[in-house]
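Take the given structure of chain A and dock chain B to it, following the hints.
Number of protein chains: 2
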Amino acid sequence: MKKRNQLILGLFLFVYTSLSAQAQSAPVGDTTRVAILLFPGVELLDFAGPLEVFNHMESAKVYTVAAQSGPMTIMQRMLTVVPEYTLSTAPLPDVLVVPGGRMEEVMQDSSVVSWIRRTTSHRQLTMSVCTGTFLLGKAGLLDGKTITTHWAATQMLQQMTPKATVMEHTRFVDQGNLVTTAGVSAGIDGALRVVARLKGMEAAKQIARIMEYDKWDPKAGLVVGQIRTQAKGKANPTVGKPAAVKKTVVMKPGQWKLTSSIDPVCQMSVDGLVADTARYMGKTYGFCSKMCKERFRKEPMTYLKH
Amino acid sequence: MKKRNQLILGLFLFVYTSLSAQAQSAPVGDTTRVAILLFPGVELLDFAGPLEVFNHMESAKVYTVAAQSGPMTIMQRMLTVVPEYTLSTAPLPDVLVVPGGRMEEVMQDSSVVSWIRRTTSHRQLTMSVCTGTFLLGKAGLLDGKTITTHWAATQMLQQMTPKATVMEHTRFVDQGNLVTTAGVSAGIDGALRVVARLKGMEAAKQIARIMEYDKWDPKAGLVVGQIRTQAKGKANPTVGKPAAVKKTVVMKPGQWKLTSSIDPVCQMSVDGLVADTARYMGKTYGFCSKMCKERFRKEPMTYLKH
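Chains as they are written, first to last, in our numbering: chain A, 13 to 318; chain B, 13 to 318.
This is chain A alone, in the form it adopts within the complex (with noise of 0.2 Å):
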């Protein structure tokens, strides 16, 4: 019986790691590092979302890192983790994800705010979840940007960062080198988000499976420079909202003639929602964002051999 419980577990352990090879084997690029931001009272499912779905990612150098070496206690304080790199020890990231939990005291924490400012570069895009939004907002980061946070704290974020337009149920807004969501669970859905435009929609699919996030809908956010009317909540109407007046952001593309209705980076429809275009051997592909563009345009073949 023992002998036969080795067996069965070791074939699941087999079965899951199949799973996650199954989700990674999109052509592999180079290492994307995603660095997790702790702290002090930082909130566990904020980060251990986003974690778990980038740990999945193909190619994904994953890790964690905060202002001391030392363990620390979250902002639910019956568990205290240990961060592997400080800042100063920490490989620069490729994405970083900032999130929320008890504020007060890592926001006047320089150090950590100065080096958020330090790695957000325009080859480099960083990602909060719920009032780690308010976090970027110190470093300077959202003048001029459409964000949110968590729906308890909208109209303070709005406050505190005049020149920003901070949107309401809306479970995450992607505005190129910046990805902000809404409270707690929502950072898996901007995390996928972002597998998705990195890695491609059957990527990003392939990791809610194997997280059973089977309810995930990958239309549910707002991606600055696509037609949308306004941000698709779909909130359960058995769970209730305070209303909220929305704000939408349109940008009208003209009018294209597009090779194909699929973004060919990303994979994501591009009906109607054509952020930008690019022409290559004769013919104009469309993109849902200026990074997909981008990435198109530095290895054209990487996306068009399918």
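These are computed hints drawn from the structure, not numbers from a lab.
Glycine residues also receive a C-beta, built at the ideal position from the N, C-alpha and C atoms.
Please note that a few of the clues may not be correct.
[Stated by the list, open to error] With a cut-off of at most 20 Å between alpha-carbon atoms, the simulated SDA-like pairs for lysine to any residue come out as follows:
hint, chain 1, residue 1, chain 2, residue 2
1, A, LYS73, B, GLN88
2, B, LYS73, A, LYS73
3, A, LYS73, B, GLY53
4, A, LYS269, B, GLU117
[As the list claims (entries may be wrong)] Some residues of chain B that are not near chain A, with every Cβ distance over 12 Å (derived):
hint, residue
5, ASN67
6, HIS68
7, SER123
8, THR296
Frame of chain A, contents of chain B only:
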């Protein structure tokens, strides 16, 4: 500007705390002790989801416990966690949460297996997430039970526990003092189900709202003893699942003449789904489970005064 930010953040913390207090506004009973089992190789989201949910539950004392007291690396390897208690120092829990992960080592740890067996009694509720169900099988707690696990492992679980009925495509299975869930993120749904049973549906909805888990479907699970011809998985059609035969558990109650179609304890509808009934002051009340009936019989006026 600095003062203003502090004011804003202070305000948000107030709101967040108020939300949590609101979720806990049901009559305060005895403390519910919720133990989250950790082990080297534990899956992050498997335990993070339930920990998050139970931490918002009224008069809950949530704590982490492991065989060893020192830091341990989780399945995802880039994070080390430190539990609060060891098996010998942990208080006896009312609710025990057993997450999954890399199981081979912990399933060979007889101290953990015997602790699970010892702490699981009829007065206590044990909940497993994902492959955590295998650990309950190792402890001999699954014979004759209806259970579930990660979709990739249901057949292996059925092989390991031939006397149990393993459900596929079922977000959670609630069978009295045993609740098992599907993989990873389904632990959130299972924990919300337990909250609904212990503190009522409104408390569970409020927690889902705080966590922005707005896609939660309280009925996407199987409550053994309720009439339901099949589990309502409601899988997103864009996220595929392997075809498999669904098993069904159907129990037919007699003809009830109920005072109300609402279970007075958990406030769930029992319209056509009555698991048990009780007579009190000349009226007949219907319950979704035997646990709700027992709670009612102990303190009927607590549940009838609303």
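We went through each hint and held it up to the structure:
no. : hint                  : verdict
1   : LYS73(A) - GLN88(B)   : holds (11 Å)
2   : LYS73(B) - LYS73(A)   : violated (36 Å)
3   : LYS73(A) - GLY53(B)   : holds (18 Å)
4   : LYS269(A) - GLU117(B) : violated (58 Å)
5   : ASN67                 : violated (5 Å)
6   : HIS68                 : violated (10 Å)
7   : SER123                : holds (17 Å)
8   : THR296                : holds (27 Å)
In this structure, the hints that do not hold are numbers 2, 4, 5 and 6, in rising order.
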